[in-house]
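K.L.:
Here the structure of chain A is known, so what remains is to put chain B in place on it, guided by the hints.
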Amino acid sequence: MIDKRVTTTQAALAGLHDGASLMLSGFGGAGFPVALVRAVERLGVCDLTLIMNTLRFVETYAPLLFEERRVRRAVCSAARGRGERPSSFERQLFAGELEIELVPQGTFSERVRAGGAGIPAFYTPAGVGTPLAEGRETRNFDGRLYLLETSLRADFALIRGHRADRWGNVIFTGSQMNFAHAMATAAQITVVEVDRIEDEPLPPNAIDIPGIYVQRVIALDDER
Amino acid sequence: MRPLSREQIAWRAARDLPDGAYVNLGIGMPVRVAAYTPPGREVMFQSENGVLGVGPVAAEDAADPDLVDAGSQRITLVPGASTFDSAEAFAMIRGGHLDVTLLGAFQVSAAGDLANWDPLRTDKGPLLGGAMDLAMGARSVRIMMQHTTRDGLPRLVETCSYPLTARQVVRRVYTDLAVVEVTERGFLVTEIIAGLSREELAVRTGAPLQFADGCAVLAAPDLA
Numbered sequence: 001m002i003d004k005r006v007t008t009t010q011a012a013l014a015g016l017h018d019g020a021s022l023m024l025s026g027f028g029g030a031g032f033p034v035a036l037v038r039a040v041e042r043l044g045v046c047d048l049t050l051i052m053n054t055l056r057f058v059e060t061y062a063p064l065l066f067e068e069r070r071v072r073r074a075v076c077s078a079a080r081g082r083g084e085r086p087s088s089f090e091r092q093l094f095a096g097e098l099e100i101e102l103v104p105q106g107t108f109s110e111r112v113r114a115g116g117a118g119i120p121a122f123y124t125p126a127g128v129g130t131p132l133a134e135g136r137e138t139r140n141f142d143g144r145l146y147l148l149e150t151s152l153r154a155d156f157a158l159i160r161g162h163r164a165d166r167w168g169n170v171i172f173t174g175s176q177m178n179f180a181h182a183m184a185t186a187a188q189i190t191v192v193e194v195d196r197i198e199d200e201p202l203p204p205n206a207i208d209i210p211g212i213y214v215q216r217v218i219a220l221d222d223e224r
Numbered sequence: 225m226r227p228l229s230r231e232q233i234a235w236r237a238a239r240d241l242p243d244g245a246y247v248n249l250g251i252g253m254p255v256r257v258a259a260y261t262p263p264g265r266e267v268m269f270q271s272e273n274g275v276l277g278v279g280p281v282a283a284e285d286a287a288d289p290d291l292v293d294a295g296s297q298r299i300t301l302v303p304g305a306s307t308f309d310s311a312e313a314f315a316m317i318r319g320g321h322l323d324v325t326l327l328g329a330f331q332v333s334a335a336g337d338l339a340n341w342d343p344l345r346t347d348k349g350p351l352l353g354g355a356m357d358l359a360m361g362a363r364s365v366r367i368m369m370q371h372t373t374r375d376g377l378p379r380l381v382e383t384c385s386y387p388l389t390a391r392q393v394v395r396r397v398y399t400d401l402a403v404v405e406v407t408e409r410g411f412l413v414t415e416i417i418a419g420l421s422r423e424e425l426a427v428r429t430g431a432p433l434q435f436a437d438g439c440a441v442l443a444a445p446d447l448a
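Sequence lines, in order, name chains A and B. So for the first sequence, the numbering used here puts the first residue at 1; every next one is plus one. So for the second sequence, the numbering used here puts the first residue at 225; every next one is plus one.
Pulled out of the complex, with its shape left as it was, chain A reads as follows (with noise of 0.2 Å):
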């Protein structure tokens, strides 16, 4: 039988270690696992790469994960801190403690759908002629150039949706999707955070992940 519902912040994170990569869903709050991101912060896991669209919610909502120094690398298309004062990772951006990868939003969810989908590379328009085209390979198809990207895959996506059932089928509300449709492909272990998990299936039709790509569901409270 397939079950993928679990009940405890600790089954639902089980595997995860240090020196792990993580992609973390979200946008403007919509989509992101605040529960389990908080859950990540009590395991006290370090030398974490986390692949998200901006840093700042975890200062926000896991401030010790910079705080500790427990991320290594981040891969993000914005690290600009809240407020005019610097953030925790602004500061270690800037001691070069703290590694980043800056990558454009769309060349970002593309390269995470990318490394879900067996796809190694491919190539993009975005970024062309800027300094994060510097050394890199372009390639002219029909007289224009495009940037040579590749994929990104991760032992652990978390996500927060709308509804779930056992069988690890995700329906989101409103802007949530966002990220998690691609980072549940790309990663070895999906975890979903739902409002609630329903008895009887999903209807077909209605789902936005299907349970292939899901390992585990919890029902959490939004700890916005």
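If you are wondering where the hints come from, they were derived from the structure by calculation, not from laboratory data. Computed from a predicted structure; not experimentally measured. The C-beta atom is built at its ideal place from N, Cα and C for all residues, glycine as well. Careful, some of the hints might be misleading.
Pairs of lysine to aspartate or glutamate residues, derived as EDC-like cross-links and limited to a Cα-Cα distance of at most 16 Å, are as follows [what the hints assert, rightly or not]: (1) K4(A) <-> D199(A); (2) K4(A) <-> E198(A); (3) K348(B) <-> E84(A); (4) K4(A) <-> E200(A); (5) K348(B) <-> E59(A).
Quick partial rundown of chain B residues pointing at chain A, CB under 10 Å, derived from the structure [unchecked claim]: (6) L291; (7) R298; (8) I299; (9) T307; (10) D309; (11) S310; (12) R318; (13) W341; (14) L352; (15) G353; (16) A355; (17) D357; (18) L388; (19) A390; (20) R391.
P.N.:
Quick look at chain B alone, frame taken from chain A:
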């Protein structure tokens, strides 16, 4: 001489959006453009987190934290709207499906180069987001910005000193002083505010200006 306010610049930019257009608005001043869509025109606003058909910001008591735009504002949807994931949002953007993007900028060069993501500060990190994808993908890239910096330095320049977002992409610039087209022969002023001479505008601009035949007065109604 009365320079346009930020709201008036947004009003002016909105006048150039045709009925039926699909448009992405950058965070900050550009997102205000939607409020000034001329009556009788249906414009679909895309937000790169995964929304097509962004409506007005939600009333506080009706706001859904899971439905936001790319600037993290809690929004409403218009009739005909759809939601989707980030990879899909950027397929729309890079795939040439957007008619217009309106973005903010630090600098625009006479060749249409755009610089708008790296503030060149050593205390606040870079905020790249989807600007590179939008600048390369939208059919028309239009910029809204103050004509000069707070220190009075030109933002319309011969060559950008800030790191580039994209090369040779900007078509039109709306400032508090003028509307400027970027042509093969450089900047072409099509509108200028009353009480500012062509010479005075040239002094505030870092590259040669040409003036269109029939260069008009840039005027906007009083707005809150």
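K.L.:
Each of the hints needs a verdict: does it hold here or not?
P.N.:
Here's how the hints hold up against the structure:
| no. | hint | in the structure |
| --- | --- | --- |
| 1 | K4(A) <-> D199(A) | holds, 12 Å |
| 2 | K4(A) <-> E198(A) | holds, 12 Å |
| 3 | K348(B) <-> E84(A) | holds, 8 Å |
| 4 | K4(A) <-> E200(A) | holds, 14 Å |
| 5 | K348(B) <-> E59(A) | holds, 14 Å |
| 6 | L291 | holds, 3 Å |
| 7 | R298 | holds, 9 Å |
| 8 | I299 | holds, 8 Å |
| 9 | T307 | holds, 6 Å |
| 10 | D309 | holds, 4 Å |
| 11 | S310 | holds, 4 Å |
| 12 | R318 | holds, 6 Å |
| 13 | W341 | holds, 9 Å |
| 14 | L352 | holds, 5 Å |
| 15 | G353 | holds, 5 Å |
| 16 | A355 | holds, 7 Å |
| 17 | D357 | holds, 3 Å |
| 18 | L388 | holds, 5 Å |
| 19 | A390 | holds, 7 Å |
| 20 | R391 | holds, 4 Å |
Every hint from the earlier list agrees with this structure, and none is contradicted.
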